[in-house]
Amino acid sequence: MVALTSVTPHSSNKLYPTPFTRYSNSVNENTSSSSSSSSNFIAINPIKRRHSLSRLTIRSSAATKPPKSPAEQDWKTKRELLLEKRVRSVDVKEALRLQQENSFVILDVRPIAEFKEGHPPGAINVQIYRLIKEWTAWDIARRAAFAFFGIFAGTEENPEFLQDVASKLDKNSKIIVACSSGGTMKPTQNLPEGQQSRSLIAAYLLVLNGYNNVFHLEGGLYQWFKEDLPIESEEEEE
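According to this note's numbering, the sequence shown holds residues 13 to 250 in order.
Any given hint could be a false lead.
What the hints assert, rightly or not - As a list, the in silico BS3-like pairs of lysine-lysine whose alpha-carbon atoms are at most 25 Å apart:
no.: 1; residue 1: 80; residue 2: 97
no.: 2; residue 1: 105; residue 2: 186
no.: 3; residue 1: 105; residue 2: 128
no.: 4; residue 1: 97; residue 2: 180
no.: 5; residue 1: 105; residue 2: 238
no.: 6; residue 1: 238; residue 2: 97
no.: 7; residue 1: 198; residue 2: 88
no.: 8; residue 1: 186; residue 2: 97
no.: 9; residue 1: 80; residue 2: 186
no.: 10; residue 1: 128; residue 2: 238
no.: 11; residue 1: 128; residue 2: 180
no.: 12; residue 1: 198; residue 2: 238
no.: 13; residue 1: 105; residue 2: 198
no.: 14; residue 1: 186; residue 2: 198
no.: 15; residue 1: 186; residue 2: 128
Calculated directly from the structure, the hints in this document are not laboratory data.
Take the sequences, apply the hints, and build the full model.
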């Protein structure tokens, strides 16, 4: 699966058009109000206009993108910290061995539905992105942007990610963070800074918040399934 990229509407003006100050049946916007065509114009009460503009300002402010979160930092910044904190990438067979022999925990950060379809035995799921839940103007705008690209299950950063991890793992736990694609910190000719993924973003958030033993699953769970390593699934309750 390709690393998730948030989609932002091109312009909030399409959602909140500027209110008209007058209405005209004439195509010529420069027609003088003193001309014979002035009867085609309907004046709007200035007080009502001010109220309309005030409502517009409030609604536009509500649709403004929230401040950038740590997860939205540029990849270069995240990669530098991961390297500084010596976050090591391990392949799927090494991850399985560490899990079985050294009490490592695989932290699966995929959405819950993907986790239930199949995951390494004993893995813990805390999704780093979730389906958009709120209905603020900004959330509605994001839903519309996803829908424009045919995506009707848009996602957002899970604001409770660190809290959920803390409820299951302490900061000295030995953690291997996994997602679908894995991403990589290794430079290549086409990707001199590697490529970020959900698991690398999650690893960044963990080390940023004091977790000491964080590893990253190279190749992701796609590679785990491809190599036919052990998996388990959870059936949906009826």
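Given the hint that residue 80 pairs with residue 186, does the C-alpha gap stay at or below 25 Å? With a Cα-Cα distance of about 29 Å, the restraint between residue 80 and residue 186 is violated, given a limit of 25 Å.
Residue 238 and residue 97 were given as a pair; does the straight-line alpha-carbon distance stay at or below 25 Å? This hinted pair is violated, its Cα atoms lying about 30 Å apart.
Could you grab the alpha-carbon distance between residue 80 and residue 97 and see if it respects the 25 Å cut-off? Measuring from Cα to Cα gives roughly 23 Å; hence the hint holds.
If you draw a straight line from the CA of residue 97 to the CA of residue 180, is it 25 Å or shorter? holds, 22 Å
Quickly compare the C-alpha distance for residue 105 and residue 128 to 25 Å and report which way the hint goes. holds, 22 Å
Given the proposed pairing of residue 186 with residue 198, does the C-alpha separation stay at or below 25 Å? holds, 22 Å
Checking one constraint from the list: CA of residue 186 to CA of residue 128, max 25 Å. Satisfied? holds, 23 Å
Does residue 198 pair with residue 88 here, judged by a C-alpha cut-off of 25 Å? Between residue 198 and residue 88 the Cα gap is close to 12 Å, so the pair holds against 25 Å.
Given the hinted pair residue 128 and residue 238, is their alpha-carbon gap at most 25 Å? holds, 18 Å
With a cut-off of 25 Å on the C-alpha distance, tell me whether residue 105 and residue 198 pass. holds, 19 Å
Against the 25 Å threshold, does the CA-CA distance of residue 186 and residue 97 hold or violate the hint? holds, 14 Å
With the threshold set at 25 Å, check whether the alpha-carbon distance from residue 105 to residue 238 stays at or below it. Distance ~12 Å between residue 105 and residue 238 Cα, so the pair holds.
Violated hints, listed in ascending order, are 6, 9; each of the other numbered hints is respected by the structure.
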